[in-house]
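Residue numbers (my numbering), protein chains in the order written: chain E, 7 to 443; chain Y, 862 to 1438.
For the record, the hints were derived by calculation from the structure and aren't laboratory data. Be aware that a few hints might be false.
Derived DSSO-like pairs: lysine-lysine, alpha-carbon spacing no greater than 30 Å straight-line [what the hints assert, rightly or not]: (1) K1124(Y) to K155(E); (2) K85(E) to K155(E); (3) K1134(Y) to K1381(Y); (4) K1132(Y) to K155(E); (5) K155(E) to K1381(Y); (6) K1124(Y) to K1134(Y); (7) K85(E) to K211(E); (8) K1178(Y) to K1132(Y).
So these bits of chain Y aren't anywhere near chain E, every CB distance computed over 10 Å [to be verified]: (9) Q971; (10) L1037; (11) L1203; (12) P1271; (13) I1415.
By construction, the Cβ of each residue, glycine as well, lies at the ideal position given by its N, Cα and C atoms.
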Amino acid sequence: MADTLTTETQRTGAAALLTIDQLCKSFSVPGKSIALSVLENITISMGEGEFVALLGRSGSGKSTLLRTVAGLIPPTTGKIELWSEAVTGPSQHVAMVFQSFALLPWLTVQENVELGLRARDVPLAQRRDRALATIDMVGLDGFETAYPKELSGGMQQRVGFARAFAVHPDLLLMDEPFSALDVLTAENLRGEIARLWSDGTFPAKSVLMVTHNIEEAVLLADRIFILGTNPGHIRGEVVTNLPRPRDRTRPDFKAVVGQIYAAMLNPEMEIGTLTPPEIARYVPLPHARAGGISGLLEVLVEEGGEGDAAGLAHSLRLEVDDLLPILDAAAQLGFAELHDGRVLVTDAGREFARADTLTSKEIFRAHVLEHAPLVQTVVEVLRSRPRGVMRRDFMLDILDEHYPEEEAERQFATAVDWGRYAELFEYEADDGLLRLT
Amino acid sequence: MNWRQFPTIPELRRRLPFNLADVALLLGALTLVYGIARVGSGALVSFHPSQETSPVSLAPENLPYYAARSTLRMFIALGFSLGFTLAYGYIAARSRRAERVMVPLLDILQSVPILGFLTITVSLFIALFPGSLLGLEAASIFAIFTSQVWNMTFSFFGSLRTEPRELVEAVTLYRLPGWQRFALLDVPSSMIGLVWNAMMSFGGGWFFVAASEAISVLNHDFQLPGLGSYVAGAVQEGDLAALGYAILTMAVVIVLVDQLFWKPIVAWADKFKFERSSAADAPRSWLLDLMRHAQIPRYIGRTITPLREATERQFSKLTAYHARPIAFGERSDRDWPFDIILLLLTSALAAGTVWFAVSDVGIGETLKVVGYGLVTMTRVIVLVILGSIVWVPIGVAIGFNPRLARFAQPVVQFLASFPANFLFPFVTIFLIHSHVSINLGGIFLMSLGAQWYILFNTIAGAMSIPTDLKEMSVSMGLHRWRLWQALVIPGIFGSWVTGGITAAGGAWNASIVAETVNWKDTTLSATGLGSYIADATQAGNWPHIVLGIGVMSIFVVGFNRLFWRRLYRIAEERYSY
């Protein structure tokens, strides 16, 4: 299976529909001299007829990348070209399907679908016909005069697809198009999109899709770029090479999914020859609640102390985005080890999961003090204070040096959660006071 | 399945070009057009400012005509308000430089006591339209306009700044021309707020109709035919019966406008709500149902489609999309030249103000007026406190009882839009006979209009407390003070602040007409800034008018900044769900 996990920096044959060359994007943070870098050195090339997925966890900048391609956000440095022309704003050749559907609630289904054609000054009769044909194609025949709010979520996203299809784009951008739908609806719609693509009736020449769902990427895409975090960069590329229509029960499908899981779980693992930038100098806390860590360990211990991430996500009904921080946290605290997509509970983890409430808190306390530098810092500062009290703002000021504002808040919240669970300190949210217990 | 041989009655109705609804609509439309033509022509009568206008006749059969004249003024002002709102709000939201000037300016304009300006505007408009009543008409419409427009503009500006990000991205991505973006995204997404604010403003506007139709400026008595002048005439004659007819007419007009205008618009605007699914209890209106039932509107719609298309095409061409990536989260550097210009302008304004206070009116007069301001401020504070003590418990009781609320809310809204100055004469008579000082009675007069804002905002706040929190409190056995402490006060705090700020603003404005009141030949005058402005207006003393208005504006703006805005922040930070 190793041959599916290769890097192809240069595609042969197809003319370059889209080339992204050494793209970097950083946002200036108010009140800070250093800009926050969200994308670094992104180089991607795709041709006509390709379905490409950008797969990454939250914080990998994948949505930002998609929006720079759409011409909605200007890149800081680097080049984006569509049909060898630099992208300086939204292009005629591009359409997009949004995560939240982005339908105008006061327009009917038909008027929503006509939106792009109307902007292009397509005459009324022609506009009507094209919209009707597209509405028919996505299976919304008979709903032309309905308003979006009268439709279910799945049907609303069908309108979203129809609106993008109606302009016959060369490149269709999809921003997590199925993630706002419930599981069954998403599965259904995903299947239909896959069918349209493999039938060759798909109304767009090529697709660039952003997702955090590994199975979805493998089900739909020809090539998958795996994005790393902090800042977002391309860790490597996976060519799926599976026959269409794809069947997720087949072993080769499962193998590709398993390998990508392993790669995503292990940030140090080499995927391709594209070297990721140096690892962040500072170890942040994964955003997982103490209760979540303990719950996950209990499940793992019950299942014999080990499991694979893909299966675990499935049996816990968690998206990989939600599961990974918990696994990371368990690993950072020394309760688990991660190897190639498998999770092994350590002896300490086993003890922690089995202990009664009091003992488990003691174990947690010891591990947090040893492995979570931020919590340790909080405790040290509190101990140095005469009354063992500190304002929240003081801590945030320190964190602001290392993180953008939002992330600083999240780091603080996680540290507080762990510290409270370990009964190291108390926190009064009302007046923002931390106090030693 | 199509086994029916003959069309059913509803089907038959649908196929006929006309139905009963169409007949009703046609009759209604014709009546409206005739009415407007008839009433509107009355505004073009010639008049010479040297003479005083003929006093209104107190015969009750003239009331429908007067009511129509006043209502027409209201709607013309509403039209201007809407146009101003769209232009001002759009420019302020789209240009960063414009925003920095226009938003603070708007904030000050909405705090300025409109009634104090009548003198200036009446003189100005009479000069603009010499030899015609149109000048007075325009001044009255302008007064109503200034009472309606500011919060509509704020609402539109606020909506433009909070458009959902993905919708903005969608219209940008599909390269919608500026006109289409305005018509398909900007206006629709602000519609709910705009309609609601226009409705509230319109209700508040009646007060200004009544106050602006009959005024004495610079030793002249000016009267425009209208309900307000009718009431003023009744007060002068001491005719209680006429007063009763006027109040009745006003009530009928408010109900009619609500049924024929606002209810259909609110029901229609419901489709502009951002909801993922349709709500069960959408607002309804019999008139809108009638219009949807009728064939004519649909027929007209079909007929003008090509025209609409052509218009849209022209506007779209004029505002063609030009590639300019939107940038969110990014701030440009400081705008130094603009900062300096602003600073210079502000300093010049401040210097001018000081110079005016020192040389034109003198320090002594200025201090005296500030003292009057403190007196009126005390009245406003007492009014808000007393109003809250009385109406908050009642509002909470109504809001916690959905069936009562459904019945009470329209009643309270009616009371809020009923012009309180129609009721002033009754209080005046009472004050004259009971020998209660107008210094105290003024508080009551001011509260006649202002207090309702506290009540209906409290009701809205109490209704918006989530049901599960109410149920939780009941199951926890929370009662009386504990319940108020834990749930009610935090739950209604934000709404109460909104009510309080509106009530206080209304009371400041009302002080100009409430601190000096007449009945026949008796005039009661309280010590305060309101009566100072009223006296200066009557005497035509320009420096004093400007001083009075200036001091009142500073009081209102200062009060909003130092007090209400802090409460707003507390409400947002601590007491939001």
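Next item on the list: Take a quick look at P1271(Y) and tell me if its Cβ sits farther than 10 Å from every Cβ on chain E, holds or violated.
Entry: holds, 26 Å
Note to self: Need the status of pair K1124(Y), K155(E): alpha-carbon distance at most 30 Å?
What the structure shows: holds, 22 Å
Notebook entry, point to check: Holds or violated: K1178(Y) with K1132(Y), Cα cutoff 30 Å?
Noted result: holds, 28 Å
Check: Is the straight-line distance between the alpha-carbon of K155(E) and that of K1381(Y) 30 Å or less?
Finding: violated, 60 Å
Notebook entry, point to check: Are all C-beta atoms of chain E more than 10 Å from that of L1037(Y)?
Noted result: violated, 5 Å
Notebook entry, point to check: Quick one, are K85(E) and K155(E) close enough, alpha carbons at most 30 Å?
Noted result: Distance ~40 Å between K85(E) and K155(E) Cα, so the pair is violated.
Next item on the list: Assess, step by step, whether the Cα of K85(E) is no farther than 30 Å from the Cα of K211(E), and give holds or violated.
Entry: Within the cut-off at roughly 22 Å; holds.
Checklist line | Pair hint outcome, K1134(Y) versus K1381(Y) [Cα-Cα no greater than 30 Å] | finding: Measuring from Cα to Cα gives roughly 51 Å; hence the hint is violated.
Note to self: Would the non-interface assignment of Q971(Y) survive a Cβ cutoff of 10 Å against chain E?
What the structure shows: holds, 28 Å
Check: Hey, does L1203(Y) actually stay past 10 Å from chain E on C-beta?
Finding: holds, 21 Å
Notebook entry, point to check: Would I1415(Y) pass as off the interface with chain E, using Cβ distances and a cut of 10 Å?
Noted result: holds, 32 Å
Next item on the list: Starting from K1124(Y), check that the Cα of K1134(Y) is at most 30 Å away, please.
Entry: Given pair K1124(Y), K1134(Y) holds - Cα atoms ~16 Å apart, limit 30 Å.
The structure is inconsistent with the numbered hints 2, 3, 5 and 10, although it conforms to all the rest.
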